[in-house]
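Let the sequences and hints guide you as you build the complete structure.
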Amino acid sequence: MLLSDRVLKNLEIDYIFHRLMVYTPYGEALKRGMQPYMSCDRKALGEELDRIETVVALIEKDRYTFVEMRSVFKHVKDLRGSFQRAAEGITLSLVELFEIKTFVGMLEKLAHYQEKLKWNWPDHLKVHPIPVLKQLLDPQGSGINTFYIYDEYSETLKDLRRQMGEVEAEINKGKLQSRELVQNQLKVKIRPNGELTINKSNKELMHQLEGCEGLVYSSETYMNITYKVKTAGQIEILMKKLDDYKLQEEEEELRIRQKLTAEINNYMSEIHHNIDAVGALDLLVGKAYLAIGMDGIKPMLTEDEVIEIIEGRHLKVEDSLTKQGKAFTPITVKLENGVTCITGANMGGKTISLKLIGLLTAMAQYGLFVPAKEMRFSPKEYIFFSVGDLQSADMGLSTFGAEIMEIKDILQRTEESGLILIDELARGTNPAEGYAISKVIIQYLKDKLATTIITTHFDGLADTEGIVHLQVRGLIDVDFNLLKQQMGNEGELGINLVHQYMDYRLEVIKDQRKIPQDAINIARLMGLQEEILQEAERYLE
Amino acid sequence: MQLMDLIENKYRIISVVGMAKNAGKTMTLNALIDEAMERGIRLGITSTGRDGEKQDIVTFTEKPLIYVDEGTLIATTEETIKHAEARLEILEVTDHRTAMGRIVIVQAKTPGHVQVAGPGTNKEMKEIADRLLVLGADLVIVDGAIDRVAAASPAVSEAALLATGAVLSRDMGQVVERTIHQTQIFSLPKLEDLLVQQIAEPIIEEKGFCLINHGYETEILEIKTALGGGRIIGGALQEDTQYVIIGGSLVSKTLKDIMECTNRYKQVVFVVKDATRIFIEPRDWMYFMKAGIKIQVMEEIHTLAVTINPYAPQGYFFQPQEFLGKMRQFLSPIPVFDVVLGGE
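Protein sequences appear in the order of chains A and B. Under my numbering, the first residue of the first sequence is numbered 1, with each subsequent residue one higher. Under my numbering, the first residue of the second sequence is numbered 1, with each subsequent residue one higher.
Hints are not guaranteed to be accurate.
Stated by the list, open to error - Residues from chain B that face chain A, not an exhaustive set, calculated with beta carbons under 8 Å:
no.	residue
1	D34
2	M37
3	R39
4	I41
5	L88
6	V93
7	W285
8	M286
As the list claims (entries may be wrong) - A short list of chain A residues far from chain B (calculated; beta carbon distances all over 12 Å):
no.	residue
9	R42
10	D50
11	R80
12	Y113
13	E155
14	G165
15	H207
16	E249
17	R255
18	K298
19	I407
20	G428
21	V498
22	A523
23	I532
No lab work stands behind these hints: they were computed from the structure. The model shown is predicted, which means the values in this text are computed figures rather than measured ones. No residue lacks a Cβ here, since even glycine has one placed at the ideal position from N, Cα and C.
This is the structure in structure tokens:
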């Protein structure tokens, strides 16, 4: 497993999947089942990333066709249940046949769009129209996407319906004649259903109606009496005949539906190919749109144990900064196996950098483009991410205890090609012992196959021989005396100010430099009481 | 005069709502269908379901069998079309789901009986009704659920037919009273102040509550349930409060609680989305009106006509001519039709 559920959650990869839009139920199923590519799937991962690259290029060339393709996707319904029933020999209903007809029509459209895009689509993505089924469900060749049991399905049905039509016409004619006869005779208005209801108080009319040959008593209430136009004996016979026909029609329709179901069953393998292809196409197009939407690039696969990100961006943080009208400072890092330490100011984005490295690596291994200018990497066996604030109280562990538990486990896998991300190692305990433990863990990890990145505030951890030291540039170029004056004038404090002056970029430190002590200055920017800050500065001296 | 004379060429979506079960809604519906057949109007028919209620299966059996002409468009459920007598062509399967399967839109290829069961919410009903128009219906009739007037909401239909009948009470006077009450509520005046409309719209959308004063300043009230809301509203009414916007339903208790807190209710106008959101009994209504409570609606309901059924299934009945005459006298100018004896 590349990532545990907890690491998945801490990296907030959901945010990315939420933006990966699929429209068909088949695409949705594939999206839900997405698994990361492991290092043994390197070839398949490369091919998938190449396909996204191709589709991105196709979208940029012919956006309109993709808009049309996706509007077809939106109407694709999940018919797997119907096909399953058909395969089990259960006769499809009228609605199911209609939906299959719609599906077959969509296949034709999608295949047409695929052709228009002029790419040699790999077979697992290629939609194969099934003209035989189209013809089967549109026997009139009308091209209209509605459905009923057409006369064309059988001579028997056609004859039956013709006879029914004739009988119905005769009945209607007969009824109309007798209705009009009575209407003219009695000068009353009879309802279209052949009934006439009158109030019993109208004795005169009632008497007339009683005596009328063409009317027959139907029903009465205390107040009213209803008469019906008498149907001639001949019409009675016709109506009985019509009922018989209706029964026969129903039987014939069932027989036809059975036949259609059996016919559809013959094409089950084509149908299933298309279900898979539509899903895969939907997902691939979704990935390509995601790539375009986040201004992403194709990560390059390498054989070396390296993760190199040039101007990588953390989408979620970037999005929330954009909403505030601010820009995300892209992060550039090159990580090799062994240990890299990230040091630097509080609020300098160390944790975000760590998350970004983990997230972009995970995205690449899920076969997605990444938000960066360039990325080179080799697929990892696992991504481990220990973030300081563990919610392990339910296990009866302190922050420190929970962290150690996790690290104990991961230290057993350091000979695999993995990515270990640890945010502020041993921060939950006293500095002296925390430092000692951290120092030894770093020593232990520094020449292993796994790539480890650790953020820390401890002095002297990052200058261990054989490890890479990255530092957030932080507030180094800020003139605090000037800033203090400005603040005095405007009185604006807090996160916005920190963000304004913070340089989030990482730089490689070669000498044994002390970790810059920005905590007091940042506290000042955040607006901590000046008397406390000055007292703290006195202690430091 | 026929019912259709009031409708033809004037409205495209109308609803038929009954004040109670057996009030004659189905007879009204059938009368409309007969008249449309005579005039060659292509109808679209749908019905309101009962959203999320277990009685769906019961309602299923209660759904009226409707005899439709060839060419009629019907929006009903997957289950009901299986039992249709008319030959149906499927035009569309929608994504709206009910306990009886998805809503499908069909067209009758031959005349015959069909059962109609529709979607649950007003929003869905409106969408389905619009779809029927797009697919070629000249006029859409929304068959309202038994004893529910929600389909009359202007959010769904442009005008409503109200079916009432002897079933409401053994006392004809009572039936007349309750029918007048319903039409009174249906004819509540529309909120005319455009600025207040603008302010009220989002509040009502979110089923919230707010007060608006003469200067168009608003105060949002945090009210969890409408039942306890009266006291909060009453306590919040200021000297210059002009409007009380009520997002959900308006019930008697809320108004009574407000009246108990303050007499400032006399100076304000209560605003609800439309008359189908008001649940107040006639006696309370009279009292509130007398006390000087003013209610306005965001959207008006147009009551086209009232149809009456002088017979109750319990076995009693009213003298039809007397009943019709009385109804006409009290409901004027709203036209009244006896759907049992038919038009004259």
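Now for the hints, and whether the structure bears them out:
no.	hint	result
1	D34	holds (5 Å)
2	M37	holds (6 Å)
3	R39	violated (11 Å)
4	I41	violated (13 Å)
5	L88	holds (6 Å)
6	V93	holds (6 Å)
7	W285	violated (32 Å)
8	M286	violated (32 Å)
9	R42	holds (41 Å)
10	D50	holds (36 Å)
11	R80	holds (16 Å)
12	Y113	holds (23 Å)
13	E155	holds (18 Å)
14	G165	violated (8 Å)
15	H207	holds (18 Å)
16	E249	violated (8 Å)
17	R255	holds (16 Å)
18	K298	holds (36 Å)
19	I407	holds (47 Å)
20	G428	holds (40 Å)
21	V498	holds (34 Å)
22	A523	holds (37 Å)
23	I532	holds (39 Å)
In this structure, the earlier hints numbered 3, 4, 7, 8, 14 and 16 are contradicted, and the remaining ones agree with it.
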